[in-house]
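Chemist: Sequence:
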Amino acid sequence: MQPTQNGRLAFLAEWYHTEAAITRSFLLTFHLSDNAVELFDQRSKKTFLRRTKMPELTRRDFFVGSKINVFGRQFDIVDYADDMTRNTLAKYRKRGFVLLKTNMWPKYLGDFLSTLIYNKININNGTMVQFTPKTVTEFLSNKEDDVQASVLMNELLAGPAISFELIGDNVSEIMIACTNYGTEKASTTIGLSPSMQKLFEREEVRYGIYCPHSEENVAKDLKFFFEEKHNIIKNCLFTNSTLAIVKPHSIKDGLLGQILVEILSAGFKITAMRMLLMSRVNCEEFYEIYRGIVPEFIPMVAQLASGICMCLEVSCEDTEKNAHQEFREFCGPMDPEIAKLLRPHTLRSKFGSSKVLNAVHCTDLEDDTRLELQYIFKILD
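Heads up: the sequence shown begins at 1 in full-length UniProt numbering, then just goes up one per residue.
Check before you lean on any hint, since a few could be wrong.
Cross-link-like lysine-lysine pairs, in silico, BS3-like; alpha carbons within 25 Å at most [claimed, not checked]: (1) Lys269 / Lys94; (2) Lys185 / Lys53; (3) Lys378 / Lys223; (4) Lys53 / Lys378; (5) Lys143 / Lys198; (6) Lys101 / Lys220.
For each label pair, taking beta carbons as the anchor points, the in silico distance ranges come out as [said to hold, decoys possible]: (7) Lys321 / Gly7: 46 to 54 Å; (8) Thr47 / Thr18: 46 to 54 Å; (9) Lys378 / Ser33: 40 to 48 Å; (10) Pro295 / Gly267: 55 to 63 Å; (11) Gly159 / Lys321: 33 to 41 Å; (12) Glu329 / Leu32: 40 to 48 Å; (13) Val281 / Leu32: 28 to 36 Å; (14) Ser187 / Thr18: 45 to 53 Å; (15) Glu337 / Glu366: 45 to 53 Å; (16) Lys378 / Thr132: 32 to 40 Å; (17) Ile293 / Ala20: 31 to 39 Å.
No lab work stands behind these hints, which were simulated from the structure alone.
Please read these numbers as outputs of a predicted model, since none were measured by experiment.
Virtual Cβ for every residue (Gly too), placed ideally from N, Cα, C.
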């Protein structure tokens with residue numbers, strides 16, 4: 001059962017006050033009729049934010065485990081605040097986990113994410129990881145099937161993998177059914193959509209992913225990859241590479257998979273990846289070079305801070321080519337309207353709608369590529 005447009009969702013949320021080094025607890029209410037947010041400080045018993053419309057937020061953004069930016073402050077949703085919200089969301093906002101192996105994702109990453117998004121499974125977090133014998137042993141330590149764990153260990157040591165947190169209705173059961181599709185273990189209770197069947201009828205896709213088979217292991221895997229510190233995040237090359245950011249509006253509009261298909265089919269490869277919810281302060285620092293120069297500076301900052309974005313280090317398959325120059329040209333002019341006229345095959349022409357909502361960020365000046373990559377992949381936690 002999904003919430004009605006006239007209802008509201010209530011959560012317990014936390015905000016870390018950096019200057020005071022304390023975590024404050026709030027009752028966060030999201031009104032579905034007008035996309036408005038209210039915040040009540042539980043310690044002081046006072047209203048922190050009156051009912052305020054926030055059109056950049058939708059009900060898809062609200063579930064236990066999500067992070068919400070409200071006027072530059074990041075609130076972590078830690079629990080439901082009432083039974084109505086719990087009963088409404090507990091089913092269709094479940095968390096799942098999937099790990100894409102190195103023999104699968106370079107070819108199918110975009111198609112995989114497009115298919116999930118088309119089937120109303122959202123991508124809430126993601127990162128590219130590089131295992132060592134030590135870290136892969138830690139990851140597999142709680143896996144019961146020794147034979148499967150041994151095979152998985154060799155596959156994960158073969159190259160970088162990509163981990164994703166998924167949100168959706170019965171998402172874990174669906175992912176298990178996908179990996180068993182077309183085999184003797186095929187599910188008799190979970191019916192896969194035609195698009196899911198088409199993707200997972202390929203053996204290299206079915207065998208190219210790992211997903212846990214119980215809610216307990218989903219929680220353990222999500223904690224291992226996205227909460228604990230294991231030094232498994234894949235480092236950038238920093239050599240003949242550049243930064244790309246798929247902006248929050250593109251992700252909310254369900255375009256992430258399609259954009260990655262375009263990138264990976266145009267002679268580029270992804271050598272590092274992480275998904276972030278950037279604070280407004282970080283967004284202002286990142287866009288500082290545009291302050292006072294680009295009239296859209298403030299809305300650009302607001303857009304980047306409005307939700308999760310996917311950050312990529314991009315290189316060329318042909319190492320003789322200049323990655324920054326090639327990708328900058330591939331993105332096209334900042335204004336999608338100009339791109340549609342002059343460069344119709346570029347990313348911004350295909351997926352952008354305005355100078356602010358132009359689908360992707362790319363590094364403008366080659367000398368800034370290393371600085372931007374370091375900021376995203378090294379400086380930001």
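Chemist: Run every hint past the structure and note whether it holds.
Modeler: Verification of the supplied hints:
1. Lys269 / Lys94: violated, 31 Å
2. Lys185 / Lys53: Violated, at roughly 48 Å.
3. Lys378 / Lys223: holds, 21 Å
4. Lys53 / Lys378: Violated: Lys53 and Lys378 sit about 34 Å apart, past 25 Å.
5. Lys143 / Lys198: violated, 29 Å
6. Lys101 / Lys220: This hinted pair holds, its Cα atoms lying about 19 Å apart.
7. Lys321 / Gly7: 46 to 54 Å: Given range 46 to 54 Å: holds, Cβ gap about 53 Å.
8. Thr47 / Thr18: 46 to 54 Å: Cβ of Thr47 to Cβ of Thr18: about 22 Å, so the range 46 to 54 Å is violated.
9. Lys378 / Ser33: 40 to 48 Å: The hint (40 to 48 Å, Cβ to Cβ) holds, given that Lys378 and Ser33 are roughly 43 Å apart.
10. Pro295 / Gly267: 55 to 63 Å: Violated, since Pro295 and Gly267 (Cβ atoms, about 34 Å apart) do not stay within the stated range.
11. Gly159 / Lys321: 33 to 41 Å: violated, 22 Å
12. Glu329 / Leu32: 40 to 48 Å: Holds, since Glu329 and Leu32 (Cβ atoms, about 42 Å apart) stay within the stated range.
13. Val281 / Leu32: 28 to 36 Å: holds, 29 Å
14. Ser187 / Thr18: 45 to 53 Å: The hinted range 45 to 53 Å holds for Ser187 and Thr18, with Cβ atoms some 47 Å apart.
15. Glu337 / Glu366: 45 to 53 Å: violated, 26 Å
16. Lys378 / Thr132: 32 to 40 Å: Since the Cβ atoms of Lys378 and Thr132 sit about 19 Å apart, the hinted range of 32 to 40 Å is violated.
17. Ile293 / Ala20: 31 to 39 Å: holds, 35 Å
Hint compliance for this structure: hints 1, 2, 4, 5, 8, 10, 11, 15, 16 are broken, all remaining hints hold.
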